[in-house]
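Visitor: Here's the letter readout for the chains.
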Amino acid sequence: MKKIIHNIIILTSIFVTGIGLILMSAGIVYADDCFNINNESIDKNTNTRPFICFEHDIHNETAGIENCSECHHIYDEHEELVPDESSEGQPCSECHADSKNSNNTDIGLAAKYHKLCRDCHLSREKGPVVCGECHRK
Amino acid sequence: MTEAKSVTETKKTEDQGILKGLEQLTPEKIESVIQQVLSDETGARLKVYVETCVHCGMCSKGCHFFLSLNDPRYSPAGKVKQTLWEIMRKKGKVSPEFIKQAATIAYTQCNMCKRCAMYCPFGLDVAYVMSVMRRICHKLGVVPLYIQDTAHSHSVTMNQMWVKDDEWIDTLMWQEEEAQDAMENLRIPLDKEGADIFYSVIGPEPKFRAQLIFQAAVIMNAAGENWTMPSMPGWDNSDMCMFTGDYEMMERLKRRHFESALNLRAKRIVMGECGHAFRSVYDVGNRALGWRMPPIEVVHAIEYYNELFENNKIKIKKKFEQPVTLHDPCNISRGRGLHEMARNIVNATCENFIEMTPNREHNYCCSAGGGVINCGPPFKNARVESGKQKAKQLFAAKAKGAEVVIAPCHNCHGGLEDIIHHYGVEMELKFFGDIIYEILELPE
Amino acid sequence: MHDYYSFFTGPFAWITFLVFIFGSGWRFYSIWQLAKKKDSAVFEYMNMKFALRSIAHWIIPFGSRSMQINPAMTVVTFMFHISLFITPLFVFGHVVLWKENFNISWFTLSNTVADLMTLIVIGSCLFFLWRRIKLADVRYLTTPMDFIILFIVAAPFVTGFWVYHQFPGFAVMTIIHIISGEIMLMAIPFTKLFHMFLFPFTRGYIGSEFGGVRMAKDW
Ligand code: HEM
Ligand code: SF4
Ligand code: SF4
Ligand code: SF4
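Protein chains in written order, with the numbering used here: chain A, 1 to 137; chain B, 1 to 444; chain C, 1 to 219.
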C-alpha cells in the first residue's frame, strides 16, 4: 500500500514532466509483421476502435512464448484446458459464440479478446493493459 | 442607495428585548440550550435540510428580502448559513454576539412565508429552519421586545392585545348596537350552543379594527346564519407564540380556541380575514397538539364568503366599481390554496379586476408576516425596505389601472399600508369584508 | 504501471463499491432511524400522489417557475445531470468492462455521443464554477468544499476525455481516470453529492405538504 501511494506520487510527476516519452514509445512500428484481427463479427459495432499493429513473432519472442496454445487455447467440454492442442487458424467466434444469439455478439468477443491479452500482461507485469495502448487512433 | 442604507440600519438596530436577553447569556448556557433543542426537538428533517443544500442559490429569487435588497445575506440559504449551518458545524459553541445576529435574522429577516420552498429544486424549507432558530432564541430568552409583549399578553389573557374579559364583551355589545343601525334585529349571539358557525377573530380586531366585527355581524345576519361568538377567552385565534418559538404557549392557545368551539358543539369554526391565525389553527397548532388535521373544521373568511356567493346566500346592490387588484396572502394561498376562491369573490363583487404578477402561490409576501411586523418600531424601517419588491409589484398593478388593493389578511394590511405609504404607491387597501359590506343588499 | 492497474481495478475498485454502497446504505439508515424517532409527522404527511406530482414537475425541464426564471441554469443543469448519469453507464469502454468482469452488457452510446456528453459535463462544471465565483448570492453560500466537489466531479470526465482522445500520457491518465472515478463514487455518501438520493424524499415531502395540507402547487 505504502509503495503504491509512493509510486502514485512518482507516477504523477512522471506524467507531468515526461509526457513526451510515452509519445515516443508509441511510434515504434514493425511494418512487416502486422497481424490483423478478422473482425467480421465485430465491425457491426460503430464503437469499435482501431487496433494497432500486433507483431506476432516479436511479441512471442519478447514474451518467451513457445507454446501456441497459451493463446490459441482449446478447452474440453468440462471447460478444462486441453494441454497439447492448440487452435490457431480457428476464429475465436467459433468457440466463443455463447453470445451469438444475443445482440451483444461483438462486445462478448471483444471482452474475451481483452481478457486474454490483459490478464496475461497483468500477471507478467508487462505489455499493454489500458484501452489506448492497443487501440491507437 | 437605499439598499446599502437598509443593510447598515438593520445591523445597527438595537432591540431591548434582544439586548436584555443577551445580558443573561453565557457560552455554556447557549451551548446547552442549543444541544437540547437540536437533540430533543429536531431530527432528520433539519439535518437533511441543512446537509442536502447544494449551495446553488436557486432559492434567492424566491425570497422578497433578497429581491428587494439584493444582498446575498438575505437569500434563504444565506440566512441558513448565518444561523443553523454555523450552529450545527460548531455544535452549539457560538457566542452571544452570534445569537444576537441570528435572532435578528430569524425574527425580522424571514417572514416564514415558505415561498423559497417553491424555488429550491429540493424543496428545502428555510422557514422551518428559521423556526428552529427562533425556538432556540425563545429558549435563550432572546426575543424582540414587542413581539414578546404580545406573547406575554397571550399567556396572561389568552389574547394577543391585553384585552380584558369584560372589554371583550363590551366591544361585542357595542358593535352589535352599531350594527343595529344598519339592520334592525341584528344580533351577535354569544355562547349559543350547537350553532353552525363559531366565529373567531384575532386580538387586534376588538382593539383596533372593531368595525370588522360589525361588518362580519352584518354579513352573517344578512346571510341568515345560525352563528355564535364566545364570550370567554378562546375567542382569539391569533398566535404570536407560534412565531416567537414558544410552542408550549401556542399549544395552550390552540387548545383553548378549539375547546371553546367544541364545548359549544359548534359545527365548524369560521375565522376572520387573517393569514397567520389561520396557519396557527389549520397547520401548526393542531400538529403541535397531535392532531393531523384540526379537530373541528376551520374555514377561513375567503372560503366562507365564496360559499355565500356560490349558494346565493347574500345579494349585492351593484358591483364595486373602482378597479381592484388582489394580494394573495401567503398563509392562505400558499398555505391553503384559497387563491381561486378569492378570485371567485372578486369576480362576484368587483367590476374591474387587475391581476398583480406574480400571483397566487407565487405572490410576494408583504414583508410583515411571520411575526416580523409584530417586532415593532425598531425594525420598521428595515421591514419597509425589504418590501421594495412588493412596492414594485404594486406599482405595476397600479400602472395597469388598479386603484384598490384587496388584502384578506390583517398582517398584510399592516405591511402593505407601510409599503404603500413609504414608496408613495397611493393605493387604497381593503378587506373582502369591507367590499362586501359596502355593496351588500340588506334584506328587509 | 501494471501493479497500479491491478490495484485500482482490483481491490481498490471493490473497496470503492463497498464504501459507496454501504456508505449510502448507512446514510439512508441513519436518516430513516432519526426520522422515525424524531419526525414521525413526516411519515404522517407523506403522500405518494402529491410526492410524485411534485417530483414530476421538478424533473421536467422548465416544469417549475423557478426553472423558468433561471433559464441558463436550467438548460445547463439538465444537460449536466443527464450527461453525468448516462455517460459513465453507457459509454462503450465501460460496458465492455462489465462484460469482461461480470459477463453482463447493455446498450452502448456511440463514441461521438459519449464524447459530446463528456464535453457537456466539463462545460457545465465550468459554468457552475463561473456562477460560484461571479454571482454574489451563490458566492456567499460557497464553501471550499464546493470547489473540491466540483473538481471531484469534473475530474473523471476530463481524464476520460483525455484518455479517449489519447492525448500525451494517456496511459498514465487512464489510471488517474480510474482513481478519479472511484473518488467520486466514494464521495457520494459523505458529501452534498448525496443530494442525488435525497432529492425524491425532500421534494416528495414538500410536495406532500403543499398538495395534501396546503392544497397549493409547489412548482
Ligand atoms: C433529480 C434530482 C436532482 C436535482 C434536483 C439536482 C440538483 C442539483 C443542483 C441544483 C446542483 C447545483 C449545481 C451547482 O450550482 O453547484 C447540482 C449539482 C450536482 N449534482 Fe445534482 N441534482 C439531482 C440529481 C443528481 C444525481 C442523480 C446526480 C448523480 C448522478 C447528481 C450529481 C450532481 C453533481 C455531481 C453536481 C455538481 C456538484 C456541484 O456543483 O457542487 N445530481 N444538482
Ligand atoms: S420563508 Fe419567505 S421570507 Fe423566509 S427565507 Fe423563505 S422566501 Fe424568504
Ligand atoms: S435552492 Fe435549495 S439547495 Fe439551492 S442553495 Fe437554496 S436551499 Fe440550498
Ligand atoms: S402577512 Fe400576509 S403576505 Fe405577509 S406572510 Fe402573512 S400572509 Fe403572507
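Read the hints as simulated data drawn from the structure, not as lab findings.
These figures come from a predicted structure and were not determined experimentally.
A couple of the hints might just be wrong.
To be verified - Lysine-lysine pairs mimicking DSS-like chemistry, simulated, CA-CA at most 27 Å apart:
(1) K126/A to K112/A
(2) K81/B to K430/B
(3) K29/B to K81/B
(4) K61/B to K81/B
(5) K81/B to K100/B
(6) K36/C to K91/B
(7) K61/B to K38/C
(8) K192/C to K93/B
(9) K192/B to K267/B
(10) K90/B to K38/C
(11) K37/C to K29/B
(12) K134/C to K61/B
(13) K430/B to K313/B
(14) K192/C to K81/B
(15) K49/C to K91/B
(16) K49/C to K81/B
To be verified - Just the calculated beta-carbon pair ranges, DEER-fashion:
(17) L89/C to A63/A: 48 to 58 Å
(18) D3/C to I58/A: 19 to 29 Å
(19) Q36/B to D3/C: 22 to 32 Å
(20) L126/C to A396/B: 35 to 45 Å
C-beta: ideal position from N, C-alpha, C; glycine also.
Visitor: Mind checking the alpha carbons of K90/B and K38/C for me, to see if they're no more than 27 Å apart?
Guide: At roughly 22 Å apart (the allowed maximum being 27 Å), K38/C and K90/B satisfy the hint.
Visitor: Is it true that the CA of K192/C sits at most 27 Å from the CA of K81/B?
Guide: Cα-Cα ~15 Å, so holds.
Visitor: When you check the alpha-carbon spacing of K81/B and K430/B, does it fall within 27 Å?
Guide: Judged against 27 Å, a Cα distance of about 38 Å means the pair is violated.
Visitor: Is the hinted range of 19 to 29 Å satisfied by the C-beta distance from D3/C to I58/A?
Guide: Given range 19 to 29 Å: holds, Cβ gap about 25 Å.
Visitor: K49/C and K91/B: Cα distance at most 27 Å?
Guide: Distance ~37 Å between K49/C and K91/B Cα, so the pair is violated.
Visitor: Would the hint linking K134/C and K61/B be met if the CA-CA limit is 27 Å?
Guide: Given pair K134/C, K61/B holds - Cα atoms ~16 Å apart, limit 27 Å.
Visitor: Does 22 to 32 Å hold as the CB distance between Q36/B and D3/C, or does it fail?
Guide: violated (54 Å)
Visitor: Could you grab the alpha-carbon distance between K37/C and K29/B and see if it respects the 27 Å cut-off?
Guide: holds (26 Å)
Visitor: Holds or violated: K430/B with K313/B, Cα cutoff 27 Å?
Guide: holds (22 Å)
Visitor: Would you mind confirming whether the straight-line C-alpha gap from K192/C to K93/B stays at or under 27 Å?
Guide: Status holds; Cα separation ~24 Å.
Visitor: With the threshold set at 27 Å, check whether the alpha-carbon distance from K61/B to K38/C stays at or below it.
Guide: The hint is violated at about 31 Å.
Visitor: Within 27 Å, alpha carbon to alpha carbon, are K81/B and K100/B?
Guide: OK: K81/B and K100/B at ~15 Å, within 27 Å.
Consistency note: the structure conflicts with the earlier hints numbered 2, 7, 15, 16, 17 and 19.
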